[in-house]
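Protein chains: 2
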Amino acid sequence: MMRTRPLKVALLGCGVVGSEVTRIMTTHADDLAARIGAPVELAGIAVRRPDKVREGVPAELVTTDATALVKRGDIDVVIEVIGGIEPARTLITTAFEHGASVVSANKALVAADGAALHAAAEANGADLYYEAAVAGAIPLVRPLRESLAGDKVNRVLGIVNGTTNFILDKMDSTGAGYSEALDEATALGYAEADPTADVEGFDAAAKAAILAGIAFHTRVTIDDVHREGLTEVTAADIASAKRMGCTVKLLAICERAADGASVTARVHPAMIPLTHPLASVREAYNAVFVEAEAAGQLMFYGPGAGGAPTASAVLGDLVAVCRNKLAGATGPGESAYTRLPVSPMGAVTTRYHISLDVADKPGVLAQVANIFADHGVSIDTVRQQGKDGEASLVIVTHRAADAALSSTVGALRELDTVRGVASIMRVEGE
Amino acid sequence: MMRTRPLKVALLGCGVVGSEVTRIMTTHADDLAARIGAPVELAGIAVRRPDKVREGVPAELVTTDATALVKRGDIDVVIEVIGGIEPARTLITTAFEHGASVVSANKALVAADGAALHAAAEANGADLYYEAAVAGAIPLVRPLRESLAGDKVNRVLGIVNGTTNFILDKMDSTGAGYSEALDEATALGYAEADPTADVEGFDAAAKAAILAGIAFHTRVTIDDVHREGLTEVTAADIASAKRMGCTVKLLAICERAADGASVTARVHPAMIPLTHPLASVREAYNAVFVEAEAAGQLMFYGPGAGGAPTASAVLGDLVAVCRNKLAGATGPGESAYTRLPVSPMGAVTTRYHISLDVADKPGVLAQVANIFADHGVSIDTVRQQGKDGEASLVIVTHRAADAALSSTVGALRELDTVRGVASIMRVEGE
Chain A
114 MMRTRPLKVA LLGCGVVGSE VTRIMTTHAD DLAARIGAPV ELAGIAVRRP DKVREGVPAE
174 LVTTDATALV KRGDIDVVIE VIGGIEPART LITTAFEHGA SVVSANKALV AADGAALHAA
234 AEANGADLYY EAAVAGAIPL VRPLRESLAG DKVNRVLGIV NGTTNFILDK MDSTGAGYSE
294 ALDEATALGY AEADPTADVE GFDAAAKAAI LAGIAFHTRV TIDDVHREGL TEVTAADIAS
354 AKRMGCTVKL LAICERAADG ASVTARVHPA MIPLTHPLAS VREAYNAVFV EAEAAGQLMF
414 YGPGAGGAPT ASAVLGDLVA VCRNKLAGAT GPGESAYTRL PVSPMGAVTT RYHISLDVAD
474 KPGVLAQVAN IFADHGVSID TVRQQGKDGE ASLVIVTHRA ADAALSSTVG ALRELDTVRG
534 VASIMRVEGE
Chain B
114 MMRTRPLKVA LLGCGVVGSE VTRIMTTHAD DLAARIGAPV ELAGIAVRRP DKVREGVPAE
174 LVTTDATALV KRGDIDVVIE VIGGIEPART LITTAFEHGA SVVSANKALV AADGAALHAA
234 AEANGADLYY EAAVAGAIPL VRPLRESLAG DKVNRVLGIV NGTTNFILDK MDSTGAGYSE
294 ALDEATALGY AEADPTADVE GFDAAAKAAI LAGIAFHTRV TIDDVHREGL TEVTAADIAS
354 AKRMGCTVKL LAICERAADG ASVTARVHPA MIPLTHPLAS VREAYNAVFV EAEAAGQLMF
414 YGPGAGGAPT ASAVLGDLVA VCRNKLAGAT GPGESAYTRL PVSPMGAVTT RYHISLDVAD
474 KPGVLAQVAN IFADHGVSID TVRQQGKDGE ASLVIVTHRA ADAALSSTVG ALRELDTVRG
534 VASIMRVEGE
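Protein chains in written order, with the numbering used here: chain A, 114 to 543; chain B, 114 to 543.
Everything labelled a hint here was simulated from the structure, so no lab data went into it. Misleading hints may appear alongside valid ones.
The list treats identical chains as one, so a pair stands whether inside a single copy or across any two.
[Stated by the list, open to error] Dumping the calculated SDA-like pairs for lysine to any residue here, alpha-carbon to alpha-carbon at most 25 Å:
no. : residue 1 : residue 2
1   : Lys265    : Thr180
2   : Lys438    : Ala236
3   : Lys265    : Glu313
4   : Lys121    : Thr177
5   : Lys500    : Gly542
6   : Lys438    : Ala371
7   : Lys265    : Asp143
8   : Lys165    : Arg526
9   : Lys500    : Asn237
10  : Lys500    : Asn483
11  : Lys265    : Ala151
12  : Lys184    : Met458
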C-alpha cells in the first residue's frame with residue numbers, strides 16, 4: 114500500500130555527489146517510491162553558485178539560501194553533501210529543529226562532532242545517517258552498527274583513502290617517488306589541487322574515528338586518532354618492503370586493547386605482507402577488514418569515493434530514513450555506552466621495520482642490539498649489508514609498545530656509530 | 114533510557130549454531146541489552162533430543178515441545194535454527210500468529226517459501242529476518258536490502274558454499290581428484306556425512322534464490338535456479354583451467370538480463386581468471402561480488418558457515434528485530450514489486466571452455482569450426498595438440514546464449530571425427 118503524499122527532500126550541495134543524487138532521484142523515482150512505500154520529491158537544492166549548476170538539475174529548485182530551505186518546515190529529509198564543518202553543522206542542527214531527518218556524507222563533521230549531532234537528532238526524534246561518510250559505496254557503517262550488533266568487534270583495519278592508495282600503488286608498480294606519483298594522481302583527478310587532507314591522513318583519520326566509535330560503542334573523535342601521512346614514504350621504503358615480501362599501504366587501524374579496557378585509533382603508512390588481502394587493493398579502491406569475536410574476519414571492498422558510489426550510499430540511507438519516517442520510528446542512534454577511553458599511540462603494540470646507516474666496524478651490531486634490549490624491544494630479524502666502509506642494518510622487531518619503539522629509535526639516533534636512520538615503518542597485518 | 118522488562122526469546126534448535134547463540138546471549142547479555150535498549154531473556158529452548166543438550170545451555174529452559182513454546186504468547190522473538198522445511202515452516206508461521214517476530218538461519222525454507230513466510234509476517238505485524246541464511250557471518254542480506262536500496266543491482270556473483278570451495282581449493286592446490294578432496298573435507302569436518310546438499314549445489318542454489326530475490330526485488334525460489342554440482346569436475350578440468358590462467362570455483366550467479374526485462378539465477382562450476390578476486394578465496398571461506406549501477410563493484414568476504422559466525426548473523430538480526438519491537442515498528446519486508454520473470458538457463462549468455470578429443474587428420478578443425486558457426490557461437494581461441502593419431506582441441510568461445518552453446522556441444526558429439534567431449538565448463542568473471 115503506497116502513500117501518495119510525497120516525502121520532501123532538501124539537498125544541500127550540488128557538486129559531484131549532489132548532482133548524482135539528483136540524477137538518480139529523478140531517473141529512479143519509481144523504484145525509490147516502491148522501496149520506501151511513498152514517493153520522494155526533491156523540494157529544494159541549495160548551492161553556493163547557482164551559475165555553476167549542472168545539467169539535469171531542475172533550475173526551479175535551486176536556491177542560494179540553504180538556511181531558509183532547512184527552515185521551511187515541510188522538509189522530511191535533508192541530504193547534506195556540502196562537506197566541512199560550517200555551515201554544514203548549523204544547517205544540520207537547524208534541520209533537526211525543524212523536524213527533518215538528515216543523511217550526510219560529511220566525514221569531517223561527523224568525526225569532529227558526531228556526539229552533539231546525534232544528541233540533536235535524538236532530541237528532535239530525527240535520524241542522522243552517514244554511510245557515505247566512510248569508504249563511499251562500501252557498506253560499513255550499517256554492517257558495523259546493525260549486522261554486527263550482536264557481536265564484539267576487536268579490530269578494524271583498512272584502506273579508507275583512495276587518493277593515497279592510488280599514489281602508493283603507483284610507487285609500488287612503477288618505482289616512482291612520492292612527488293611523481295602524486296603528480297600522476299593529480300593529473301588523473303584522483304588527487305585534489307590541494308591534496309593535504311588526503312596525503313596528510315586527515316581524511317583517513319576522520320573515517321577511522323567514525324569506524325572506531327561505531328565498532329567499539331564509544332566516543333572517538335578525529336583528535337583521538339594518531340595520524341601520519343605518506344609524504345615521507347620514499348621509493349627506498351617501497352623497495353625495502355618488497356625485499357621483505359611486503360607492500361606499503363596507508364592504513365586506518367582501530368583496535369580494542371588486549372585487556373579490553375581501552376581502544377586505539379591510528380592512521381599511518383605500514384608494510385603489510387603481499388599475502389594479505391589488503392595488499393592486492395589497487396588504484397583508488399578501498400577495503401576494510403573487520404575482526405569480530407564470533408564472526409571472525411570479514412572484508413568489505415569497493416570504490417571508496419566518486420560521485421555515483423557516494424550517491425549510492427546516500428540514497429540507501431535516504432530510503433532507510435524515509436521508511437523510518439513513515440513508520441513513525443527512528444533507526445539506531447549513537448551507541449557509546451561502553452565509554453571505553455581512547456589510549457594514545459604509545460600504548461599501541463605493533464612491529465617496526467628500521468633501516469639504519471651505520472659505520473662498518475666490529476661491535477656496531479652489538480651496540481645497536483643492546484639499545485633495543487635496554488628498551489625492552491625484542492628483535493625478530495637483522496640483515497646487515499656492507500658498502501664502502503659504511504654498512505646498513507635492516508631490523509624487524511617483534512611486537513612491542515609503540516612508545517618503547519619510539520624511544521629505541523631516539524636512542525639509536527644518539528649513537529656515534531649510527532650515521533642515520535634511513536627509514537622507520539610499522540609492519541601490520543600479520 | 115533502558116526498559117527493564119525483558120524481551121523474551123525462544124530458541125528452536127540447539128545444535129552447533131543454537132548452542133553458540135545461547136552462549137553469546139548469556140555471556141554478552143549486558144552488551145545486547147545496551148544495544149537493544151532492553152534486556153533480552155532466553156525463555157525456552159526447543160530441542161529434539163534433550164539428552165544431547167550441550168554444556169552451558171540452561172537445562173531448565175529446555176523443552177521438546179517446540180509447538181507449545183511458540184504458542185506461549187509471551188514470546189517476543191523466535192530464533193529458528195532447526196533447518197529444513199518442516200517442522201520449521203509450521204513453527205515459524207505459528208510464531209507469527211502468536212505475535213512473535215522471527216529470526217531464521219534456514220536457507221532451504223526461505224528459498225522454497227519466502228514469499229508465504231513474508232506474507233505471514235506482514236499479516237501479523239511481525240518481522241522475518243534471515244541474514245544467517247546466506248554466507249554465515251558475511252553481511253549480505255542487509256547490505257543488499259538496505260544499503261543498496263537506492264541503487265540498481267545488476268549482478269551478484271559469489272562463492273556461497275564453503276564445503277565445495279574447500280574441495281575445489283584442495284583439488285587446485287594438490288592436484289587431487291574430486292573423491293580424494295571430498296574425503297579430506299569430510300575428515301576435517303568441512304563436509305557432512307551425506308554431502309549431497311553441498312556438492313550437488315542445493316545449498317548454493319538456495320542462497321542464490323534468496324540473493325536474486327532481494328537484489329532484483331522480485332520473487333525467486335530455488336526451483337528457478339539452474340543448478341549443477343561439482344561431482345563431475347575432474348583433476349584434468351582443474352589442470353586445463355590452470356593452463357588458461359584460471360581456477361575452478363562453484364559460483365552462484367544472479368544477473369539482470371541486458372534488456373532489464375528478466376533475471377537469471379544459476380549455480381555451476383566455472384573457470385575464473387586467477388586475477389579475479391574470487392580466485393584467491395581459499396578453503397571454506399565465502400565471498401560475494403555485487404555489481405550495482407551507481408555503487409560499482411563491491412565485494413563481501415568472510416567465513417560462510419560455522420557455529421560462531423552464523424550465531425553472529427543471528428544475533429545481529431535479533432538486535433534489529435528487538436529494536437523494531439520496542440519502536441512498535443517493523444523492518445523492511447519482502448520487496449518483489451518489479452515482478453521480473455526468471456529466465457531459464459538457455460537465455461543466459463556466457464562463455465564456454467570445451468576440450469574435444471578428435472581424430473588427428475586434416476579438415477577436423479574446419480568441421481568443428483563450422484558447427485560453432487552454424488549455431489551462431491563465435492570462437493575466441495583454439496588450441497590444437499596432436500598425440501599418436503589422436504588430437505585434442507581446446508576451444509574457448511565468445512559470449513553466447515547458453516542454449517546455443519548446448520546445441521553446439523550436442524552437434525559436436527554427433528561428428529564422427531569427434532571421439533569425445535573431454536570437458537565442458539563455463540568461463541566467468543571476465
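From the Cα coordinates, with 25 Å as the cut-off, is the pair Lys165 and Arg526 best called within, between, both, or neither?
neither (54 Å within a copy, 64 Å between copies)
Homo-oligomer pair classification [Glu313, Lys265; C-alpha up to 25 Å]
neither (31 Å within a copy, 35 Å between copies)
At most 25 Å between CA atoms: does that hold for Lys500 and Asn237 within a copy, between copies, both, or neither?
neither (69 Å within a copy, 80 Å between copies)
How would you classify Lys184 and Met458 at a CA-CA limit of 25 Å: within, between, both, or neither?
Result: close neither inside a copy nor across copies, 43 Å intra and 54 Å inter.
At most 25 Å between alpha carbons: which applies to Lys265 and Ala151, within, between, both or neither?
between (36 Å within a copy, 18 Å between copies)
What label fits Lys121 with Thr177 when the C-alpha limit is 25 Å: within, between, both, or neither?
within (18 Å within a copy, 52 Å between copies)
Is the C-alpha distance from Lys265 to Asp143 at most 25 Å within one copy, between copies, in both cases, or in neither?
Only across copies: Lys265 and Asp143 sit 12 Å apart there, 39 Å inside one copy, limit 25 Å.
One pair to classify: Lys438 and Ala371, alpha carbons no more than 25 Å apart. Within, between, both, or neither?
Neither way: Lys438 and Ala371 sit 41 Å apart in one copy and 35 Å across, limit 25 Å.
For Lys438 vs Ala236, is the C-alpha pair at or below 25 Å within one copy, between two copies, both, or neither?
both (15 Å within a copy, 21 Å between copies)
If the cut is 25 Å between Cα atoms, do Lys500 and Gly542 qualify within a copy, between copies, both or neither?
neither (32 Å within a copy, 49 Å between copies)
25 Å Cα threshold - placement of Asn483 relative to Lys500:
within (23 Å within a copy, 67 Å between copies)
Indicate which option fits the pair Lys265, Thr180 if close means a Cα-Cα distance not exceeding 25 Å: within, between, both or neither.
For Lys265 and Thr180, the Cα distance exceeds 25 Å both inside one copy (41 Å) and across copies (33 Å).
Violated hints, in rising order: 1, 3, 5, 6, 8, 9 and 12; the structure is consistent with all others.
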